[in-house]
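J.: Listed below are the residues making up each chain.
Number of protein chains: 2
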Amino acid sequence: MKHLSRDMDRIKRRILSMGALVEGAVHRSMNALLCRDATLAGEVIAGDKRIDAEEVELEEECLKVLALHQPFAQDLRFIITVLKVNNDLERMGDLAVNIAERARFLSVRPELSVHVPVPEIAEKVRHMLRDALDCLVERDVTLARKVIDADDDVDDLHRETYGVLIDIMKAEPERVERASSLISSARNLERIADLATNIAEDVVFLVEGDVIRHGRA
Amino acid sequence: MKHLSRDMDRIKRRILSMGALVEGAVHRSMNALLCRDATLAGEVIAGDKRIDAEEVELEEECLKVLALHQPFAQDLRFIITVLKVNNDLERMGDLAVNIAERARFLSVRPELSVHVPVPEIAEKVRHMLRDALDCLVERDVTLARKVIDADDDVDDLHRETYGVLIDIMKAEPERVERASSLISSARNLERIADLATNIAEDVVFLVEGDVIRHGRA
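Quick mapping for you: the protein sequence lines, in order, are chains W and C. Quick note, this note's numbering runs 298 ahead of the 1-based positions in the first sequence. Quick note, this note's numbering runs 298 ahead of the 1-based positions in the second sequence.
Some hints here could point you the wrong way.
Any copy will do: because identical chains look the same in the list, a pair fits if it lies in one copy or spans two.
The calculated lysine-lysine pairs, modelled on DSS-like cross-linking and capped at a C-alpha distance of 27 Å, are [what the hints assert, rightly or not]:
| # | residue 1 | residue 2 |
| --- | --- | --- |
| 1 | K382 | K362 |
| 2 | K468 | K382 |
| 3 | K444 | K468 |
| 4 | K362 | K310 |
| 5 | K362 | K422 |
| 6 | K347 | K444 |
| 7 | K362 | K468 |
| 8 | K362 | K444 |
Hints in this document: simulated from the structure, not taken from any laboratory.
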């Protein structure tokens, strides 16, 4: 039993360090996009290998703990939640790579001067991701619900961005490719927010045993 | 032990029926897009509730079996794989809803006559999804590798589609919105193919204990 608690602590530490890696990748991909920094974009792309490797290792560790200790009740649920969160984080890493690829594409082209709330989306997504990880480790349902609510704001900002960029593409054909890349970046950010929301929903389920997934309008 | 084997059989049946539901949704969303059928699109959107409910129930059942029987080795790995596949299938259902929404949008607008290989992508994705489910239940690594290989074709076709549609948007501003909806549909299909590939990779891992995820170029 003592070994189980030691192993559970290690899993908790590892999912946090996985989260920190992914948070860094998301943050750097956004900076690469906003600052037109191809070098930074390249770092995000190269760094995804490590995130992938961490995901595989953490999953293996969870399986080992399940097989070795056959935990039940809360511990079992926690490990299953970590397996899901681990998977969500790895997907966020892939989305950060997508953003970095678009950032690299845009960095060598004329600046697309346009007023869209992409920096605001980026900022909100960053907070959501951090809060999602915190609420998992702290088992904080109030914080989890904050993350879930924030997703609606991101959806609104994303819709606004899409509308503005579609209008630009209609008006100025020479900006189609760049606007399309920015649409893609905004969508990838919005998907990162969705995954952070998934994590928060899983935390509510973990703590309250209450399925709120799919319950939102 | 007898109870475990009975419960494992039930899990196997349920993941297959979840797969069949999602396969149906993907297929109908594609038909709605290709045949400009808003009614069919509406059915896909309405039907997603059932997929969401099935996901939650199957996950609960897996957790119960884990807690009750504390299975190990192959059975434990199989249940963990089912949990992941279950999650992937539910995401595919969401992507089918996205496609259905675009289908509905396009169905009430003038036809966007354009030669892009979206029907070919749809056909390939359909086969990939079916094969991914078969290879899971049959533990068929050869079939799993076929799914993984097919993903490259889908990526090529998706890239081709994107290029053609970007050119159309540049040349004809009045087609920007419709072309953008078709880009989005093709991307959602490509993501369904990615998730089918995830499933196939998990099957290889389940059977061979070999991590091939993230190993692809």
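J.: Next, verify each hint and record whether it holds.
T.: Each hint, compared with the structure:
no., hint, result
1, K382 <-> K362, "both (16 Å within a copy, 17 Å between copies)"
2, K468 <-> K382, "neither (41 Å within a copy, 41 Å between copies)"
3, K444 <-> K468, "neither (37 Å within a copy, 41 Å between copies)"
4, K362 <-> K310, "both (15 Å within a copy, 23 Å between copies)"
5, K362 <-> K422, "neither (36 Å within a copy, 37 Å between copies)"
6, K347 <-> K444, "between (31 Å within a copy, 24 Å between copies)"
7, K362 <-> K468, "neither (55 Å within a copy, 54 Å between copies)"
8, K362 <-> K444, "neither (33 Å within a copy, 30 Å between copies)"
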